[in-house]
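**Student:** Sequence:
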Amino acid sequence: MEPRVDKESHSKRTVLTVKQSMVGRWEVCDTALEKPLADFGKRDEALDYARSIAATKAAASVQTFDQWGEPELREAYVLDATSGCTIRAS
Numbered sequence: 001m002e003p004r005v006d007k008e009s010h011s012k013r014t015v016l017t018v019k020q021s022m023v024g025r026w027e028v029c030d031t032a033l034e035k036p037l038a039d040f041g042k043r044d045e046a047l048d049y050a051r052s053i054a055a056t057k058a059a060a061s062v063q064t065f066d067q068w069g070e071p072e073l074r075e076a077y078v079l080d081a082t083s084g085c086t087i088r089a090s
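Each residue of the sequence shown is one higher than the one before, starting from 1 at the first, in my numbering.
The reader is advised that the hints may include incorrect statements.
Simulated DEER-style distance windows between Cβ atoms [claimed, not checked]:
#, residue 1, residue 2, range
1, SER83, VAL23, 36 to 46 Å
2, CYS85, LEU33, 22 to 32 Å
3, LEU37, ALA89, 14 to 24 Å
4, LYS12, THR82, 18 to 28 Å
5, ARG13, GLU72, 15 to 25 Å
6, THR82, GLY24, 39 to 49 Å
7, ALA38, ASP80, 20 to 30 Å
Because the hints were derived from the structure by calculation, they are not lab data. Being a predicted model, the structure only gives us computed values, none of them experimental. Glycine included, each C-beta is placed from N, C-alpha and C at the ideal position.
Between the sequences and the hints, there should be enough to build the whole structure, so can you do that?
**Tutor:** Given below as C-alpha cells:
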C-alpha cells in the first residue's frame, strides 16, 4: 500500500544540498539560508547529516553534487499522513 502524502506540506519544502566547498570540505546547505549548516571532511558524513535533517521535515529533498558541481543524487522526503512519520519517497 502506498503511503498517503500530506499535500499541504509540499508548499513548505526544505531543500538541502551536499556539495564540495572551495577548500575541499563537504558542505550541507539549506537553500533558504546563506551560510552552510555544517561541513564535513567526507561526503558520506555530510550526506548522512543532510538525510537526518530531511527526516525531521514534513517535506524535504536532499541533492548531492560531485566535486565538479554536477548533480549526483536527489532524494525526496514526505510526511506520511497515515503514520505521521516522514518517509523517503524517492
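**Student:** Which numbered hints does this structure break?
**Tutor:** none
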